[in-house]
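Q: Protein chains in written order, with our numbering: chain A, 1 to 239; chain B, 240 to 478; chain C, 479 to 702; chain D, 703 to 926.
Since the hints were made in silico from the structure, they are not lab data. Being a predicted model, the structure only gives us computed values, none of them experimental. Here a beta-carbon is modelled for each residue, glycine too, at the ideal position from N, C-alpha and C.
Not the full set, but computed from the structure, chain B residues with beta-carbon under 7 Å of chain D:
1. Phe265
2. Ser320
3. Thr331
4. Arg354
5. Pro366
6. Gly368
7. Thr371
8. Arg415
9. Arg418
10. Gln467
11. Glu469
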Amino acid sequence: MDKRVADLEAALEGVEDGMSVMVGGFGGSGAPIELLHALIDRFRATGSPGRLTLINNNAGNGRVGIAAMIDAGMVERIICSFPRSADPRAFTERYLAGEIGLELVPQGTLAERIRAGGAGIPAFYTPAGLGTALAEGKPTARFEEKSYVLERWLKADVALIKAESADRLGNLTYRRAARNFSPLMAMAAALTIVQATRIVAPGQIDPEAVVTPGIFVDRVVEVPDPQQEEALMRAGVSH
Amino acid sequence: MDKRVADLEAALEGVEDGMSVMVGGFGGSGAPIELLHALIDRFRATGSPGRLTLINNNAGNGRVGIAAMIDAGMVERIICSFPRSADPRAFTERYLAGEIGLELVPQGTLAERIRAGGAGIPAFYTPAGLGTALAEGKPTARFEEKSYVLERWLKADVALIKAESADRLGNLTYRRAARNFSPLMAMAAALTIVQATRIVAPGQIDPEAVVTPGIFVDRVVEVPDPQQEEALMRAGVSH
Amino acid sequence: MKDNKLSNAQIAWRAAQDIADGAYVNLGIGFPEMVARFAPEGREAIFHTENGVLNFGEAPAEGEEDWDLINAGKKAITLKPGAAFFHHADSFAMVRGGHLDVAILGAYEVAETGDLANWSTGRGGVPAVGGAMDLVHGARRIAVVTEHVTKDGRPKLVERCSLPLTGVGCVTRVYTSLAVIDIDANRFVLREKLAHISLEALQALTGAKLVIEGGVSDLVVPEI
Amino acid sequence: MKDNKLSNAQIAWRAAQDIADGAYVNLGIGFPEMVARFAPEGREAIFHTENGVLNFGEAPAEGEEDWDLINAGKKAITLKPGAAFFHHADSFAMVRGGHLDVAILGAYEVAETGDLANWSTGRGGVPAVGGAMDLVHGARRIAVVTEHVTKDGRPKLVERCSLPLTGVGCVTRVYTSLAVIDIDANRFVLREKLAHISLEALQALTGAKLVIEGGVSDLVVPEI
Chain A
1 MDKRVADLEA ALEGVEDGMS VMVGGFGGSG APIELLHALI DRFRATGSPG RLTLINNNAG
61 NGRVGIAAMI DAGMVERIIC SFPRSADPRA FTERYLAGEI GLELVPQGTL AERIRAGGAG
121 IPAFYTPAGL GTALAEGKPT ARFEEKSYVL ERWLKADVAL IKAESADRLG NLTYRRAARN
181 FSPLMAMAAA LTIVQATRIV APGQIDPEAV VTPGIFVDRV VEVPDPQQEE ALMRAGVSH
Chain B
240 MDKRVADLEA ALEGVEDGMS VMVGGFGGSG APIELLHALI DRFRATGSPG RLTLINNNAG
300 NGRVGIAAMI DAGMVERIIC SFPRSADPRA FTERYLAGEI GLELVPQGTL AERIRAGGAG
360 IPAFYTPAGL GTALAEGKPT ARFEEKSYVL ERWLKADVAL IKAESADRLG NLTYRRAARN
420 FSPLMAMAAA LTIVQATRIV APGQIDPEAV VTPGIFVDRV VEVPDPQQEE ALMRAGVSH
Chain C
479 MKDNKLSNAQ IAWRAAQDIA DGAYVNLGIG FPEMVARFAP EGREAIFHTE NGVLNFGEAP
539 AEGEEDWDLI NAGKKAITLK PGAAFFHHAD SFAMVRGGHL DVAILGAYEV AETGDLANWS
599 TGRGGVPAVG GAMDLVHGAR RIAVVTEHVT KDGRPKLVER CSLPLTGVGC VTRVYTSLAV
659 IDIDANRFVL REKLAHISLE ALQALTGAKL VIEGGVSDLV VPEI
Chain D
703 MKDNKLSNAQ IAWRAAQDIA DGAYVNLGIG FPEMVARFAP EGREAIFHTE NGVLNFGEAP
763 AEGEEDWDLI NAGKKAITLK PGAAFFHHAD SFAMVRGGHL DVAILGAYEV AETGDLANWS
823 TGRGGVPAVG GAMDLVHGAR RIAVVTEHVT KDGRPKLVER CSLPLTGVGC VTRVYTSLAV
883 IDIDANRFVL REKLAHISLE ALQALTGAKL VIEGGVSDLV VPEI
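All chains should be modelled from the sequences, with the hints used to inform the complete structure.
A: Dropping the structure here:
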């Protein structure tokens, strides 16, 4: 079993028009910049993949990563909890022009919906959002005299993940707070594509320290010295 | 903040008659033998705590640990997935005599109910048990043409956990497959009591490798060279 | 004291005095983050951030940032010994599961019923909610730090919120630039106020009745 | 071949031949565990056990057991390079979430509808279910390995299960001591049978109609 692929293009094979794509990261921490930029390059060269639904905590920052995908016109809709950022122009302009869809989800509900998608739990009750505009129209139920909102699982066609270490079986570790949504998204996508800062031999990752077991991973591509969204932003880089 | 306590007696303070007690472990791996035996010793000396509801994957083996608690007459009811074992006498005799209650729960549902208890999810849908005797009387619902059973969270008054390393803040690691239910139970109990094979200084456990963050832990007692249920069993030990 | 009211730092200081030793605390994005600076001597609070860190410390020096080590406001942080990383589902298990002792949040409006509005100005633009709707139902105690009135002088403490709600009946204490107010049985109960403000003046700046119960202390904070 | 039927090891061998390279596999407690011994040359399967291990290997030598390293049957195992530990909720996320390619389970009865009964003999005693009810709804393919008939000669493949069900409509292939049978559209479709057994004899040992569709091959296994 060898989930390694040679390059970003091979890693992204099969990401097509109209797909739902989970993108790991919280702000710039954990954003798989090289995978995103390779997808943009393909879109610019071939016109595909377009009409994507992105699932991320945020909606991009500056002119790189998710923001650059929006700028390129690849994104039809975003499911996120917090579409504001230091430089939210890309999303804001399209959103106010009615050119991009938004499903706003409370952050904990977003995380739990993705986990549920990966764990085979089609629906669960949560107190979050109860009595607010974000729960309008959703079923509610009472348990022990408290009311809760019924929320559905969230799955995706593809997950794009940035990891720290990986082996050929797809076992992953993450770097510090770059972990965030990535282990959940790896579980919830039909095709989980990982860029890892380093690929090591099986056994080199302590079995106790594996955060994402390989069963959740389909492809791994090594990207040494990955770019960091926040650093690119501050350097004024556009992709 | 210092969650360390001096000895097993101090660790177990407040475990009282009629409480629900989650006990970490799967068979002998992860069973907190010293905590259980200290509780038995207290029961023998004082007649308390009795009438306990135990939550564990199993229902004891041989004459130690949970089986010894049953033998001692402390256990009113067990919630578990698999009450059979190599030597299930303690449970089997009392169960067939109608002297102990049993709530049988599919193993994945048991794990998820405990996680839900810890995560503030009062109920969730699962396919497990659908159309079987174990789902009788439970609400069902259809999602995307498939039916699911509604299951409720499971919480407890106390969790008794065996960890490998701990620090004074309650951060924990486990040893190999002894992890099993313990991280979930630590989340789901009002009072989480941990016996750790070694207590280390804060920072000695890599923040990336913490399995149970200290927020879920109330007390830690050091038990070097802990006994292993399977080994005790094979040596014919009775407590 | 500028303009006869507390600065944000002073409001944060006052809120910090109510954090018990050993408390697990989540601070909202922006001004509530300042609370962490004022933990009273001898008390150790452990701070949680939604994006998967427990026990983080001060911001690093400029130029020393690691952008994989940030808080929910995307600001660079540092770690204290005994920190832990975890993924978002575990992070919100801590929140939703009732494991945090207190969350201290900002507000657009707080109602005497404990309703909180702090995510949408209702004026169009881009809505954003983040973790606020989970926090208000998760932490054992929800406190708010806020100016007593809006920039144009309208009350932020009201009978019923006019803006989209974050949570219903969740706030139990409000630290404002003028007062400390508990919410109890759908009433604003005044606990402390700045000495120089009369009850009448404070009531005039408040959009719902201020109840007095068991006495009102002076709100005293250091110059910061 | 003893008694003109396959041994458990031979049934397990046959089941192993259908495991694809790179498959993630869960094996039921007891006789299904033998499947792991017969992975075909050149194919690498990764075995999952409910109690939180991926990529475990053979049993250790006697005396070398680490009782914190066991499988769901509480038997000592070893690790292969690239193994991972995880807690029970993550383990059953793998199961319930459809991440396993195949689960190979034992059976008391299998119905032509794909219903499986393997957890309770319905005769009183102590019931125990373990992870079976999760596995039957989780793995992408549910196969059964079993004797073709019970010890007292009654069919284990039936029209409707008489024992308490583990899962409804979940099994798609059955490897017995006499045959390999697919379950398709609520029918037992015979794929392979031992050469020396006539169709009529096999049908007589089976509690529901055996459908022939596209030919029946000889069931050929090595002496083990």
